[in-house]
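Chemist: Each chain is listed here by its residues.
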Amino acid sequence: MTTAEQHKSSGIGKDLIVYVCLLALAGLQFFIAYQHIDAAQMFWRMLTVAFVEAALAMLFFMHLWNEKRAFLWFVVIFTVSVLLGMQYGWTDAFRMLVGAAPFSR
Amino acid sequence: MSQADLTMEGHTTGLTVGPAFSIPTKKLAMWLFIIADTMTFAACLVAYGFLRNGTPNWPRPFPGITNVALMTFILLTSSLTMLIGLRSARAGDKAGAFRWTMITAALGIAFAALHIREWLELIDQGMTLFKNPWGTGLFGASFFSITGLHLTHVSCGVIALIVVGVRYKGGRYNADDIEVLGLYWHFVDLVWMFVVPLVYLLNLAH
Numbered sequence: 001m002t003t004a005e006q007h008k009s010s011g012i013g014k015d016l017i018v019y020v021c022l023l024a025l026a027g028l029q030f031f032i033a034y035q036h037i038d039a040a041q042m043f044w045r046m047l048t049v050a051f052v053e054a055a056l057a058m059l060f061f062m063h064l065w066n067e068k069r070a071f072l073w074f075v076v077i078f079t080v081s082v083l084l085g086m087q088y089g090w091t092d093a094f095r096m097l098v099g100a101a102p103f104s105r
Numbered sequence: 001m002s003q004a005d006l007t008m009e010g011h012t013t014g015l016t017v018g019p020a021f022s023i024p025t026k027k028l029a030m031w032l033f034i035i036a037d038t039m040t041f042a043a044c045l046v047a048y049g050f051l052r053n054g055t056p057n058w059p060r061p062f063p064g065i066t067n068v069a070l071m072t073f074i075l076l077t078s079s080l081t082m083l084i085g086l087r088s089a090r091a092g093d094k095a096g097a098f099r100w101t102m103i104t105a106a107l108g109i110a111f112a113a114l115h116i117r118e119w120l121e122l123i124d125q126g127m128t129l130f131k132n133p134w135g136t137g138l139f140g141a142s143f144f145s146i147t148g149l150h151l152t153h154v155s156c157g158v159i160a161l162i163v164v165g166v167r168y169k170g171g172r173y174n175a176d177d178i179e180v181l182g183l184y185w186h187f188v189d190l191v192w193m194f195v196v197p198l199v200y201l202l203n204l205a206h
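Residue numbers (the working numbering), protein chains in the order written: chain A, 1 to 105; chain B, 1 to 206.
Because the hints were derived from the structure by calculation, they are not lab data.
Heads up, a few of these hints could be off.
[Said to hold, decoys possible] Below 25 Å or equal to it, Euclidean Cα-Cα: the simulated PhoX-like pairs (lysine-lysine) are:
| # | chain 1 | residue 1 | chain 2 | residue 2 |
| --- | --- | --- | --- | --- |
| 1 | A | K68 | B | K27 |
| 2 | B | K94 | B | K169 |
| 3 | A | K14 | A | K68 |
| 4 | B | K26 | B | K169 |
| 5 | B | K26 | A | K68 |
| 6 | A | K14 | B | K27 |
| 7 | A | K14 | B | K94 |
From just these sequences and the hints, can you work out the full model?
Modeler: Below, the structure is given as structure tokens:
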């Protein structure tokens with residue numbers, strides 16, 4: 001079944017459910033922002049929620065779920081690999097924080 | 001038929017069997033653009049996180065969440081209206097598809113207007129690319145860069161929505177074009193889901 005055919009076969013109900021879920025998850029991020037927790041915990045919780053939101057949007061709003069599995073894996077593996085590759089510099093950010101970087105004054 | 005003919009025939013058939021991943025070329029091109037653009041936004045957000053993490057006096061200038069919550073609601077709703085527009089286009093309802101595409105564009109304009117209003121308020125308070133009253137000047141540079149890049153995407157998306165909507169109504173574009181544009185619009189929405197917590201919610205003044 002092509003993506004277009006699947007558009008026709010599934011009703012708007014699924015889109016509405018995903019929309020409500022996304023609104024709820026966005027609301028959860030705002031709720032987390034007002035929790036009395038440290039910044040690191042807040043960051044990880046919000047980032048987790050953001051990734052769940054992104055997954056829902058990609059799979060259902062962008063119809064990645066209806067594409068061939070090979071394409072889905074291509075997008076996921078390629079994107080996640082590059083995103084992980086960008087994380088090499090964090091240790092230096094902590095070093096700057098401890099050593100008070102020049103631009104922080 | 002010789003073995004060479006068989007091999008050639010098989011090879012030719014393999015090349016002309018269809019586009020990669022059985023996805024129409026325009027749609028595949030949009031996906032590749034989205035993957036590339038993901039890297040651009042990710043690089044900006046990682047650089048922002050690096051600076052924020054390494055800077056002890058990072059400013060927290062946002063007093064409340066009303067404006068950003070409203071902007072988030074508008075952008076999420078615009079994704080839903082885009083989907084309804086695509087569904088109408090697939091069903092052959094030209095008027096409906098055009099109407100929903102224009103509603104999506106209107107929501108994009110509302111989002112951009114709220115965003116610009118917020119920028120003007122921050123500029124009024126003394127925030128520029130290089131300085132602000134709350135702490136390190138890097139905050140202004142990173143805030144305006146990330147939100148400006150996103151706002152540029154929204155603005156381009158609004159223009160594209162109007163152009164594609166009008167051309168679809170005129171019969172020059174079809175439902176596939178609406179779908180390809182929809183991918184871009186959902187991507188803009190998706191990026192906002194990361195911008196909100198990292199740039200706004202982690203910098204609330206409380």
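Chemist: Quickly compare the C-alpha distance for B:K94 and B:K169 to 25 Å and report which way the hint goes.
Modeler: holds, 6 Å
Chemist: Straight-line Cα separation of A:K14 and B:K94 no greater than 25 Å?
Modeler: Given that 25 Å is the threshold and the Cα spacing comes to 23 Å, the pair holds.
Chemist: Sort out whether A:K68 lies within 25 Å of A:K14, counting only the CA atoms.
Modeler: Holds: A:K14 and A:K68 sit about 20 Å apart, inside 25 Å.
Chemist: Is it true that the CA of B:K26 sits at most 25 Å from the CA of B:K169?
Modeler: Holds, because 20 Å separates the two Cα atoms, which is no more than 25 Å.
Chemist: Going straight from one Cα to the other, do A:K14 and B:K27 come out at no more than 25 Å?
Modeler: holds, 22 Å
Chemist: Are the Cα positions of B:K26 and A:K68 separated by 25 Å at most?
Modeler: Status holds; Cα separation ~16 Å.
Chemist: CA of A:K68 to CA of B:K27, is that 25 Å or under?
Modeler: Within the cut-off at roughly 13 Å; holds.
Going down the numbered hints, you'll see the structure goes against none, and every one checks out.
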